[in-house]
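Chains A and B, in that order, are what the protein sequence lines are.
Take the first sequence: its letter number 89 is residue 89 in our numbering, and every next letter is one higher.
Heads up, our numbering is the position in the second sequence plus 186, with the first residue counted as 1.
Just to be clear, a hint being listed does not mean it is correct.
To be verified - Selected chain B positions facing chain A (in silico; Cβ < 8 Å):
1) E190
2) L192
3) Q193
4) I196
5) P200
6) A205
7) D208
8) L210
9) R223
10) L227
11) L231
The hints are simulated quantities; they were obtained by calculation from the structure and are not laboratory data.
We put the beta carbon where it would ideally sit given N, CA and C, even for glycine.
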Amino acid sequence: MEDEKIVSLYWQREEAAIRETEIKYDRYLTKIAYNILADREDSRESVNDTYLAAWNSMPPHRPAALSAYLAKLTRRISIDRFRYRSRDKRRGSEYAVSLSELGDCVSGGNTTEEIVNVKLLADTIGIYLRLQSEEARNAFVGRYYFLDPIKEVAAYCGMSESKCKTLLHRTRVGLKEYLRKEGFDV
Amino acid sequence: MTAEKLQDAITLLPADLVAATDCLRTAPSTKVIAWKRWVSLAACLVLLLSTGMVFQRKLLPEMGAKTKSAAQESVAMAPAAMGGQTTMDSAAADVFEEEAAPEAPAEITATVTEVPAAENSLCIDHSHRFAEHKKEPEEVPSGYCGNLTVRIMLDGKAYDLYGADADTITNILLSLDYAPGLTCRCMAEFTVDTELLADVEVNLTQGFARCEKGQAALTEEQAQLIRSIIDSLQ
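Same shape as in the complex, but just chain A:
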């Protein structure tokens, strides 16, 4: 079924919307959740929570790209779930690895983080990414939004793993400089 029809079903409060979403996006969402949680059961629960969140958020939302919208929900739910879990379980998670890598961009201090407007930060990152090459942008989003392993990112971006790592490193370093220039305390 097309995304537009599925969204319409949500708006009509038809339970078939969840069924159709599951048929079309279950595997896709499970992969995103698994990249964060590295646990099949937790991923399953996160995806189920995503269906509930979608049911509760449509209406009022009417996403243009349903897949991106559901991915964002799954990502947020999975990250929340991840943060509640014991630290031992972080090992092996792509999310944990990505946190470590993104540590390059920030100081890790707690002094300013409370006052940073996350939305403003997101907009700034978005502007920075638009300034980058398509290759670098796709690699960054694939790695840090969808949390795909570097091997997969390199594969769908059509480059070698080593090139992908180098590209990501340069993008992170550039992001750090850009955020500093924009007045963020990194």
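Got chain A sorted already, so can you dock chain B onto it with the hints?
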């Protein structure tokens, strides 16, 4: 700022950025099947080898003895009773391709499979043998006073002979039974121009003489006699 805060911000990235990458990562992958690369490589190798073989076959005959090993090129040279003639196989239409070395062993046989177009009636499988019996020298045609001259071209130099030596060489070369049409491409050691027979190619090691009449075998005695004259020139 912490990395987690950064991740929270990344979660809020504009949908169009996310969707663009999402399209890329969910697109069907076009994996290059590993064996296809190997098949391509193998096909290239086969093509290369085939081309090499074709060129080798076409070019080798023209390159003559220089491109072939001694084992392929060798020629039988042992004295044997073969009726005083340079012996040729029945494959007389084939072509000599080898250039036998002067130090070639006494009895070697050559076997070459390629048969290029021949200018003359030549053979590939052949052997040179000294003639067994010396034919009686022909009478020098009347009208000659006996003072013959002979010119020998040896190693790029011309040597003129007079008197007994000239008579001896002339008589020997005139006495040979030349087999018309059965000439090989074996290299001559020197050429002899007599007043009665011009441009005779002689190889004393292999024991033959060759001129426009054809090719003939020398007896060992004849070869030794001519060699003694040639040695005196040098």
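Checking each numbered hint in turn, tell me which of them this model violates, lowest number first. Failing hints, ascending: 9, 10, 11.
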